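Peer 1: This note's numbering runs 466 ahead of the 1-based position in the sequence shown.
Hints in this document: simulated from the structure, not taken from any laboratory. This one's a predicted model, so the numbers in the text were calculated from it and none came from an experiment. Some hints here could point you the wrong way.
Simulated DEER-style distance windows between Cβ atoms [said to hold, decoys possible]:
1) I621 with Q500: 27 to 37 angstroms
2) G552 with A480: 30 to 40 angstroms
3) P715 with D626: 42 to 52 angstroms
4) R570 with A523: 54 to 64 angstroms
5) R802 with G537: 55 to 65 angstroms
6) R629 with Y606: 29 to 39 angstroms
7) Q742 with K684: 18 to 28 angstroms
8) A561 with L615: 23 to 33 angstroms
Glycine included, each C-beta is placed from N, C-alpha and C at the ideal position.
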Amino acid sequence: MSKSFYILLTLVAAAVAVFFLGRWTGMSLGLNSQRVMRTVHEAWCRADDRHALCPEAGLDSLFHQQLREDGLRRLRFRLDTVALAGDSTVVFRSALHYFDDYERELEYRRTFVIPIDSLHGVRAQLLNLRAETVGAQLYYLLGTVVGFLLLAYGIAKQVDTIRRQDKLSQMREDFSYAMVHDMKTPISTILMAARNLRSGRLDAKPERKREHFELLEKEGLHLLDLTNRVLTLSKMEHHQLLLDKDWHPLRPMVDELIQVFEAKAAKPVTFSTDLQAEAVYADMEFLKEALSNLIDNALKYSKDTVEVRIASRQEAGYIRISVRDNGIGIPLSAQRTIFDKFERVLPRDGSQQKVSGFGLGLNYVMNVAREHDGYVSVESVQGRFSEFTISLPESLSSLTPSPSPKERGEGMESE
């Protein structure tokens with residue numbers, strides 16, 4: 467059976483448990499209320515009997531003592547004197563034969579009237595009856611509610627975990643398929659070139675033979691790049707990557723990237739630069755790869771004509787390097803997840819455009835920024851533009867070159 471069936475079964479079982487839990491709680495409160503009313507009535511009757519045997523004893527003290535003996539220690543009351551004639555609320559003990567009779571009186575929080583002379587009587591007015599009917603079970607009720615909330619939270623987390631596992635499993639499956647599919651072409655090309663070279667047909671054609679060797683090298687490097695990218699991401703997530711950071715000029719790296727992407731772009735592309743910050747403290751190899759991913763995305767998720775602007779500036783202790791395009795933009799709902807591994811934002815403009823990739827590029831950019839103690843941010847308007855900014859810290863201490871051992875006086879032998 468599918469996981470959805472078990473999720474539905476769990477939710478139905480939880481709903482049934484909540485239903486019976488509510489019924490049980492309601493019945494418990496009802497039974498406790500009946501018990502308290504019966505106990506109060508019996509305590510007032512026994513107080514009446516003891517007062518009849520010993521009129522000198524106070525009725526209030528007798529009733530209070532009887533309530534404590536019966537376990538109703540929270541209940542508070544006062545004794546009210548009433549006129550026996552002309553008061554329609556006066557009910558005597560002899561008129562109460564069944565539970566419904568004295569329950570009706572206790573609903574008004576009063577007991578039957580005990581005559582003290584021919585004109586007056588006294589009855590107990592209960593001040594906090596709910597303290598015994600509900601308050602006595604309040605801790606159990608709160609415990610039940612807390613337990614139910616914990617149960618609901620646990621079920622919700624389990625459902626969310628299952629959904630995340632399903633999503634991760636699907637993403638891994640898509641990634642494996644895409645990776646194998648992308649590796650299939652270079653492997654096929656390498657095998658074809660190797661067969662042609664081994665057959666000897668190209669021995670008399672040195673130019674064609676050189677092209678085949680170049681093709682072997684190119685496709686081999688492509689496979690190596692795919693493998694290294696996955697391994698690098700794994701090292702970054704486990705904080706095992708060692709960076710070789712130093713101050714590097716930005717312009718040569720940006721010019722090289724522009725030259726590469728202008729040569730391989732499949733659509734008209736125009737690059738512009740605004741490098742106000744000329745240098746950055748970073749590992750140039752990983753930073754170059756991160757910017758390459760951003761430029762590659764700008765070309766992929768773009769219209770027929772592409773305009774890419776690469777800028778840098780120094781701001782608030784950071785060197786900020788941004789890549790802005792005039793592409794299809796990113797929906798606001800997807801901007802929180804685009805940096806997750808295997809996450810991809812497919813075009814929604816109805817163009818049926820297929821975009822290659824594994825959903826690792828932006829995750830790589832985010833991890834590179836984090837390894838440099840920086841961060842990456844995105845600003846995008848759907849249908850207009852997207853701008854990604856890598857912010858790397860500018861350490862003042864790194865601006866000052868470290869003194870040499872001779873300057874520090876280390877390694878010098880005393881004469």
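Peer 1: Is it true that R629 and Y606 lie within 29 to 39 angstroms of each other by Cβ?
Peer 2: Roughly 35 angstroms apart at Cβ, these two residues keep to the hinted range, so it holds.
Peer 1: Regarding R570 and A523, is the given constraint of 54 to 64 angstroms on their beta-carbon distance met?
Peer 2: For R570 and A523 the Cβ distance comes to about 29 angstroms; the hint is violated.
Peer 1: At the C-beta level, are G552 and A480 separated by a distance inside 30 to 40 angstroms?
Peer 2: 59 angstroms, violated
Peer 1: In this structure, is the beta-carbon distance linking R802 and G537 contained in 55 to 65 angstroms?
Peer 2: 58 angstroms, holds
Peer 1: Using the C-beta atoms of Q742 and K684, is the stated range 18 to 28 angstroms upheld?
Peer 2: For Q742 and K684 the Cβ distance comes to about 36 angstroms; the hint is violated.
Peer 1: Does the hinted range 27 to 37 angstroms hold for I621 and Q500 at CB?
Peer 2: Because 35 angstroms falls inside the window, the suggested range holds.
Peer 1: Does the Cβ pair A561, L615 satisfy 23 to 33 angstroms?
Peer 2: At 47 angstroms between Cβs, range violated.
Peer 1: Confirm or reject the claim that P715 and D626 have a C-beta distance inside 42 to 52 angstroms.
Peer 2: Between P715 and D626, where Cβ atoms are some 47 angstroms apart, the hint holds.
Violated hints, in rising order: 2, 4, 7 and 8; the structure is consistent with all others.
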